[in-house]
Amino acid sequence: MTFLFWLMLAGYAFGAVAALLAPGNRAVRRGTATGAVVGATASIALALGVFATDATFAFDAPALLSVADGVAFRLDALGAFFLGLVGLVAAPCAIYGAGYSATYEGRYSLRFLGAALNLFLLTMSLVPCAGNVLTFLLMWEGMSLTSYFLVMTERDEPDTVNAGGWYLAMTHAGVALVLAAFLLLAAGADTTSFVHLRAAAIRLSPTMHSVVFVLALLGFGSKAGLMPLHVWLPRAHPAAPSHVSALMSGVMIKLGVYGVLRVGLDLLGGGPAWWGALLIVLGALSAVLGVLYALMENDLKRLLAYSSVENVGLIFVGVGAGSLFLSLGAVPAAGVALSAGLYHALNHAAFKGLLFLGAGSVLHATGTRDMNLLGGLIRRLPWTALFFLTASLAIAGLPPLNGFVSEWLLFQSLLPGIGSSAPFVAPLMTLAVGALALTGGLAAAGFVKAFGVTFLAIPRSPAAEHAHEASLSMRIAMGILAIACAGLGVAAVPILAALSAVLAVRTGLSAATAEIGGGVWLSTPERFAQMSPALIALGLGVVIAGVWLGVRVMAARRGVRIGETWGCGRVTQTPRMEYTATAFAEPLRRVFAELYRPTKDLSIDFHPESRYFVQSIEYRSEIVPWFERYLYAPLIARVQGWGLRTRALQSGSAHAYLTYLVIALLALLGMLLVQGA
Amino acid sequence: MGLIRWMKARLQNRRGAPVWQPYRELIKLFNKEVVVSNNASWLFRATPFIVFASVVVVTFLVPILAVPLPFDGVGDLLVVVYLLLLGTFFLSLAGLDPGSPFGGMGASREMTVAALAEPTVALAIFALALGAGSTNLGQIVARTMTDPASAVSPGHLFAFGALFIVTLAETGRLPVDNPATHLELTMIHEAMILEYSGRYLALLEWAAAVKLLVFFSLLGNLFVPWGVSMALTPATLVLAVISLLVKLVVLAAAVAVLETRIAKLRLFRVPELLSVSFVLALLAVTSSFLLR
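Protein sequence lines correspond, in order, to chains C and W.
Residues in the first sequence are numbered consecutively from 1, following the numbering used here.
Residues in the second sequence are numbered consecutively from 1, following the numbering used here.
Looking at chain C on its own, in the form it has when it is part of the complex (with noise of 0.2 Å):
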């Protein structure tokens, strides 16, 4: 495995090295997209390794950065899990890069950019892996900043520069949390190794530990798109190239969930109840809202970095539900609810990587991501068209691919939890229920939207009309992703049974959840409700075929005629015609209203003759951003009201800020007096 971890680093190292090195635009692109490749097939394999011999990878340099007890790795099953999500997705990113960066040559940097995104698969492989508080905040600290640079790559976008502000605020506000979170844990710990912060952890009174697991909470969740910190991702997953995008949202959010469980249900070792309530409002409050946003946005990245708040928000549930199950000492259903959040997170990053290459594609082609002036594209694109409705019915939770199976699961992990005997658990698990189906349905109207208003009927522009194909390269890499979201879910069973290893942080719990899978069935303990997504998929194959052969014999005696579409009598059919994606959520607007509090532009030019002849009308409509407005805005004023008062220190003359330092070694000074005392 010690070889395996090198060539992951070797290929990282290499696509870099190669992208600022190869001699050609072709050849910077191939020399990025090889060394990605190959580090991300690496790093899968050692993922896999970890799972197979059930062992802990270590590698240890104390002697670099010696000051913090060095560099350490250790790769367990849970951070295994996270690993083998990044690889899983980097690599069919990285063959897309190599097509999709084409349109870059000549107006950015191409060396800049597969060097940025090869250090950013690099250290955003290495977080999992990290053994200490150095490695890890080093390692997560290089990935926000060279996310941070990817995002900037058109920087000659005003929406870019923008987005990387937001970004870098809130992933910087976040990183201060996390290192305060890790400093209290570390204050009684031999090292800051993750092995001695888990000795230490026991040690620490519980008020401290909650002050640490909320501290954490707030500083991953700003990564992860929790609300409300999710306002960098609807800025920055648009702004970023299409396939770092599908990095970002696929899997660097998850990472989120993977420092709070962690430090959550790891280091601190579970909590009591009210930590996993908190995650279940949490996340069933993302899940609600995201979608509720999502549905609301004609902007196609927009739409999609929505429905990642939304996910995350359905992760979270079901972690949430595993630490509040844990807490109450029932292992087998915490068993089945982190394995659903667990599991989701695998889904969300195969079809979210897709779903954001899709999208790519259609940037690629017509030059838009605004989904009013696409359209018809499902002629012009049927590969690309294929593999996103491939991810839109995936994400919409539709049987029989993998979203739908995590959804079954979450459903399932939360009802044993109804029927629980602790105070609030009942009604909460109950309202979590009802969001979650809320949410499932709406995503299902959202996903409509956006392959139907893009890909289907007439194209809305002229951009839309002369689209063309994605590249060999562009089709392949959603070709293997599609086909991920098809194994995730027919091959749900034995993937889950292999992934009870991960939850192997408490005793009992993979034990429980290895029981999750039999054969080709899915139950929950005791037998509570069994699925079998083979079967199911299995069983509408069967039918479709059937029937499909069916009416082939018994009906088709008469054919099939090319007409125009019905339109009440009308001369020709014209895009204007057609229901827009504005005109689409139209229902959910009004039915939400309170939510959106829409307002209205609505402004008519008459002719002069008759006020029955009307020349244009103009419609603007926008909804009140909530959050923006009144949570940041005021936060973002204040701030900058504190930035001007301290300016005064800043007096410029050398004189005071001699004194400055006097007065600050002289408060050292003291401390270490008093604490001597």
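Treat the hints with caution; some may be incorrect.
From the structure, some residues in chain W lie toward chain C, with a derived Cβ separation under 10 Å [said to hold, decoys possible]: (1) E33; (2) S37; (3) R45; (4) F49; (5) L86; (6) P98; (7) R109; (8) E110; (9) A117; (10) E118; (11) L123; (12) Q139; (13) V224; (14) P234; (15) V249; (16) A281.
To be clear about the criterion: a stretch of chain C counts as covered by chain W if any three or more of its residues have a C-beta under 8 Å from a C-beta of chain W, and this derived list gives those stretches [said to hold, decoys possible]: (17) 35 to 42; (18) 372 to 379; (19) 431 to 437; (20) 532 to 542; (21) 585 to 595.
It is worth saying that the hints were derived from the structure and are not from the lab.
These figures come from a predicted structure and were not determined experimentally.
Glycine included, every Cβ here is placed at the ideal spot set by N, Cα and C.
Chain C is already provided as a structure; the job is to place chain W on it using the hints.
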């Protein structure tokens, strides 16, 4: 079994068509030429098969006559719900495909109704599951049979009310959608299938009729399971067929009376109806864990 709705429509004020009229229409449609819009893609042609298949698979999972279901382990009530949602998803896409404003309108409304009905369905299922100790349909029926008192428990009754409203919404019956209209302002389901003709339309109409049957037999057999055959002997099966027919006629009569008594709701009042059903489902769950 969509024939029953025709019989009921007749009972109100007209002589009406015979009960097997829908079958005649299906045969007629199967023999007709298909006209496909020039804007439509392969998805438009694939949709009837997917919709029909999803409904057929559902019938294997739902207890219609006998209870030890051969495929009970394949899927539970949640699977049933999501399979039907799969059909709705494709139907909405097919509505958007020809680029007709009606299709888009139908798709948009249908997805709105489906999304808002979803929480009710989930909670009603869980209310039943809590009582029966399983979300698998065969188990629920078997449990209610062995414990008749549970059929009249408040949780059961509330869940029945909630699911009844959802049935009306999901199968496009009157207070939510009018199956007999082609007026653009009011149609939902009809708007989506407006562009379909010939054998494709036949498949969709058939699927809609089977879906209605599935919902009716769910309502009938989950809440009033008596008559469902527990062993596969000829005598009990005959009894099961008769009891099923009685249940279907009763439910159909209820729907028919309801449809002649009330007018269609404005589209934006539908969410209110669905929130009533959601509250009922919430009450069902609450009472099932309070009264345990």
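Index of numbered hints that the structure contradicts, given in increasing order: 13, 14, 15, 17
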